[in-house]
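*Asks:* Letter by letter, the chains look like this.
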Amino acid sequence: MTIGEGDVAATTARRSPADRVRAYLGGDGRVIERILFVVTLVIVGYLVLAPLAFLVYNTFVGPAGPTVDAVIAAAQADGAGEMLVNSLIFAAGSAVVAMIPGTALAYLTIRTNAPLKPILFAISLVPLIIPGILFTVAWVYLLSGRIGVINKALEALGFGFLSFDVFSMGGMILVEGLHMSPIVFLLMAAAFRSLDPSLEESALMSGAGLSSVIRRITLPLVRPALLAALLVMVVRALEGFETPAILGIPEGTFVLTSRIFLALSTFPVRYDLAGAYSLGLVLITFIMLALYRWFNRQSERYQVITGKGYRPHTLELGRWKWPIGVLFVVYFVLVVVSPLAILVYMSLLPFYTPPSIDMLHLMSLDNYLRMFHLRDVAGALRNSFVLAISSATIVMILMAVAAWVVVRSRVRFRYGLDALSMTPLSFPGVVIGVALIFLYLRFPLDIYATLWILLIAYVTQFLPYGMRYTSASMFQVGRELEESAAMSGAGWRQTFQRIVLPLIFPGLLAGWIYIMIVSVRQLSSSILLYAPGTEVFSVLMWQLYTDGYTTTLAAVGVSTVFVLMLLAALAHRIGSRVGVRVA
Amino acid sequence: MSAWLKRLAALLTTATLMACASATTSPGPSQPGGDVGLTSEQLLAELSGKSEEEREQHLLGLAQEAGTISLYADAQLDDSAELLDAFSEAYDLEISIYDGSTDSVRDRLLQEAAAGYRGADVVELDALGMYVVSEADLLAAVETPYAAAVGPAGRFDDWTAIRYSFLVTAWNTGAVSAGSEPTEFRELADAAWSGRLGLESSDVYWFAAIVKHYQATEGMTEDQAVDVFRSIAANSQVIDGHTATSDFLVAGQFDVSPNVYAHRILQLQEDGAPVEWQPAVQPVVAEPTGIALLKSARNPAGALLYIDWVLSADGGQQIFVDQQRIPSHVEVAATVVGDVQPIEAAFNEIAAEYDKWSTLWDEIVRGS
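The listed protein sequences correspond, in order, to chains A and B. Each residue of the first sequence is one higher than the last, beginning at 1 in this note's numbering. Each residue of the second sequence is one higher than the last, beginning at 1001 in this note's numbering.
One should not assume that every hint holds.
[What the hints assert, rightly or not] So, partial list: chain A residues that the calculated Cβ filter (under 10 Å) puts toward chain B: (1) Val137; (2) Ile150; (3) Ser258; (4) Leu362; (5) Ser409; (6) Arg414; (7) Ala449; (8) Leu451.
Hints listed in this document are in silico derivations from the structure and should not be mistaken for laboratory results. Note that the structure is a prediction, hence the values are computed from the model and not measured. Even glycine gets a Cβ: it sits at the ideal position worked out from N, Cα and C.
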């Protein structure tokens, strides 16, 4: 048999899969980019596609085959239009409320010589640490029109006209915004830490005032982080339920997520309806992500960590130092100290009633003692600790590589990796839980009913935060640093380990702290996935609450705040020694 | 760099091989508890005709062989801990608990059954959760000598009530003076209560039971009865969750709540809180929490022993009394709630029409 010309042509046209892989990888010297893209895509895809497939299947496949009935039912549900409007107002409002103090505090803490800085970092995280339900309940006791301590005090002082009822759209926005502000604080603190002060200094030297420097130099330079924070805030508030449930429903304000919860708690469970709403949220996330990319399209603009040597140092506030210090104090008394004080007061009582002399005789440390007698409390703490550390570490490492691929490489479809990593932000935790149960009950490895299934759920749910924290930092690192490393003969791994990771370390650490804290609170998927022996802390706290022991929960909340603040301060201390140093 | 990649590739290959190897040796995730090779139905057949004492001895012998009993429950922390400790002490048997919400227990049982995974031996769930699990044909029809002491309202084909949650009207004694408290539920529809009520938002069963009760005893039409709820909702702040509702009632956010749990009010009273629910405002609705044996139980003997013990007057029922819960044992219950009589509700009927009632309730709560 001889080989004719036709055969050669056929071989060229129909290349074997191995050849195609080789052709994809080779050619233009970007092998490593493509390998990393494929590896991260496979891992992220594996994590995200199981719940996504579950959602899509349940939404679009009915007993009689493919259908869009659920989408129609979701769109036509009674009051859905009004709820969508409420959701949008709530999301936009609370995003703004979260962004302003979060950004301002980050700026003042990192970039200026504001007084009291050392304690600020840890204290800024308090709203994040307090369990959501407690944070909301504390605000009811502070700002309810009828029993709120602040309102009562204002009335007593003759400022009754200033009183504000937390059971309102304004109250929902305020409480949700304050609760989310630590996410912004952490993201922005990382971004400000990497900023080259010479840019601000030249503006100041040229006669610009502090406010115009912030407006025209500082904020534009940290735009990727600002937009990332905004994106996360809006989507989170859109899917938030706890605050609207406690503060909105009493006055008849319903948001769209109340439909998702209704669909998931009725029977037979309407996964199709819940899925239709969740996929709507996924769509909104994608649209916002596209906008985000469009705004960040000239990524070189934000590269402030360059080959040029610099030592970031802080800005002198001058005569503004003490007025700003006072502003800090007022903010912290209002936002951090007052809810915490209510919690401390609650934690000393068998039940809450507004503070009075009569309550003194009821005060005791019983709630703190009860804490130690909770069933499995030691095991639950250990499991939550293991899950917090490991999920935060895995997510940040995986997303550091993924963010590098998205921001730095020129691989086709790299933005798909970004979009895929962001989808879990819109999944209800219950859906992730049920999808994982479904999958791992049929999986060859022993993962169901072990800590692994919880770890997989947590990693999946926290991917979006990891992606935003790392890519916002990645935008700031100039390409030339990696190029010079490569010129000096460093391989990709060396460059990544010794140049990229240290430079984005502030972002990595901020994301790590965030994930560590929220994973301890994670309830919606944990309650489905835990098993005897793998109890977690959030489930214990939820059980305390449904059992009616709100004041014991307050004791747990107060203790958690102190322990986690210590840990966060420690992490911050270690963090400020690595990466870009603040002089 | 290439060495590093090779190492990674080797690692991935090993992991894949290990996964494949274990796939051939084990068909799925490992399952908890022991197994004495006896199904729930076989065991129930073996037990028929045995005296109470023989039954206990037989079950105990088998349970000791089988090891840990696996309980799935939507019970709560304190209650379940005391109950399980007392049981373990009484029989020297291990019992493990998955303690979730009604929804999570229900979803897990259904998913596990669909995959053939035998995770639970015995389940405790509120009535609506139990209805779903029973409809899915997961429960074995248990005949226990202890069910006789439970009233007819608490006995079902394949599950039995172990305790009740009474949904009652309660008031803050600081805000509602003695003599001016409500005596009948419909009074709360009066404009005089406007802005003074706190209505919990999830009690579909309670709502349906009272509507049906008014239809049956007061000659009202369904619309008329539903209108009573509309007026009450218009007078109310609607609160998400029973814990928040009773907390806010005690804190003085509103004066009266028409649907809080009696046991929680009893506990709060014991702590000195200014709340009262007696003399009981009629009608009072009792929501059963039931117990059942799974058909697929790996340790049916241990599960049955636990069911018998929870239903017995000097076992689980007495512990509920100590916790101010309302046991299903009719005589024991009287020691907690005196002569308060809940209305008779057609539970299965309401459960079968749940979708209708839940939609109607949602409209009322949203005020549309």
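*Asks:* Return the status of the interface hint for Ala449 of chain A: holds when the least beta-carbon distance to chain B is below 10 Å, violated otherwise.
*Replies:* holds (6 Å)
*Asks:* Going by Cβ atoms only, is Arg414 of chain A closer than 10 Å to chain B?
*Replies:* violated (20 Å)
*Asks:* Go through the hint on Ser409 of chain A and say holds or violated, using the shortest Cβ distance to chain B against 10 Å.
*Replies:* violated (16 Å)
*Asks:* For the restraint on Ser258 of chain A, tell me whether the closest CB of chain B is nearer than 10 Å.
*Replies:* Result: holds, 9 Å to nearest chain B Cβ.
*Asks:* Would you settle whether the hint for Leu451 of chain A is holds or violated, based on the nearest Cβ-Cβ distance to chain B being less than 10 Å?
*Replies:* Violated, because the Cβ-Cβ distance from Leu451 of chain A to chain B comes to roughly 13 Å (cut-off 10 Å).
*Asks:* Identify whether the interface hint at Leu362 of chain A stands, where standing means a beta carbon of chain B within less than 10 Å of its own.
*Replies:* Given a least distance of 6 Å, the restraint on Leu362 of chain A holds.
*Asks:* With 10 Å as the cut and Cβ atoms as the points, is Ile150 of chain A at the interface with chain B?
*Replies:* violated (15 Å)
*Asks:* Given Val137 of chain A as an interface hint, is the shortest Cβ-Cβ distance to chain B below 10 Å?
*Replies:* The hint holds - Val137 of chain A has a Cβ within 10 Å of chain B, the shortest such distance being about 7 Å.
Violated hints for the displayed structure, listed by number in ascending order: 2, 5, 6 and 8.
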